[in-house]
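**Student:** Keeping the supplied structure of chain A fixed, place chain B upon it in accordance with the hints.
Chains A and B supply the protein sequences, listed in that same order.
The first sequence lines up with residues 1 to 118 when you count with my numbering.
The second sequence lines up with residues 1 to 117 when you count with my numbering.
Errors might be hidden in some of the hints.
Claimed, not checked - Computed spacing ranges between beta-carbons, pair by pair:
id, chain 1, residue 1, chain 2, residue 2, range
1, A, Gly62, B, Gly53, 40 to 48 Å
2, A, Pro79, B, Val117, 41 to 49 Å
3, B, Gln29, A, Thr5, 31 to 39 Å
Honestly, the hints are just simulated from the structure, not real lab data.
C-beta: ideal position from N, C-alpha, C; glycine also.
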Amino acid sequence: AQSVTQPDIHITVSEGASLELRCNYSYGATPYLFWYVQSPGQGLQLLLKYFSGDTLVQGIKGFEAEFKRSQSSFNLRKPSVHWSDAAEYFCAVGARGINSNSGYALNFGKGTSLLVTP
Amino acid sequence: GAVVSQHPSWVICKSGTSVKIECRSLDFQATTMFWYRQFPKQSLMLMATSNEGSKATYEQGVEKDKFLINHASLTLSTLTVTSAHPEDSSFYICSAGGGRGDNYGYTFGSGTRLTVV
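Chain A extracted, bound-state conformation (with noise of 0.2 Å):
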């Protein structure tokens, strides 16, 4: 069964500080992978996605992500904080349905909460 692990509960860094958020996988074939941010009481936003081809990926709000299938990773990385960018990232693993029309669903890693100090 897929998985996905976020080892980090909690990070907290320093605005203007470097950023990487750690995401592990276990899946048996190629997975789509996500990257997710929640504010609080609000819904999810797409930061950034992996399917296929270029294993660095550029996302929004200055964020990347490089899948590294030998480590079955794909960590999360910005290289200047914003306070604003406090909150909650989720990294998901999802997988095409037999019907490659009927979409998926994600698993998602329990998250890691990041606080951003001034």
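**Tutor:** Just chain B now, with coordinates in the frame of chain A:
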């Protein structure tokens, strides 16, 4: 890009009543919709998968008689929480998949916060 609309954003209801939540795909035909539940400070857990015109598939441990899902059209799925109790208070969020392009279920609605009093 794909847009998924969810209503209401929040609802408060009395214990024992039923609440209906709507999930709409605005610019594509969603052959499949997914319903998730999120408890405070926790991750999202898949509740059920609904396919247009057929019965929903529920995840283990989810009561199908309590959480009624209808996907009668290619743009609308509804989740009805029947005889709601305080323990049903949670954040419910849907996603939709299908249609052309890469609308593969990763676009989410804005979620519904249900509080049962």
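**Student:** Hint numbers the structure violates, sorted upward?
**Tutor:** none
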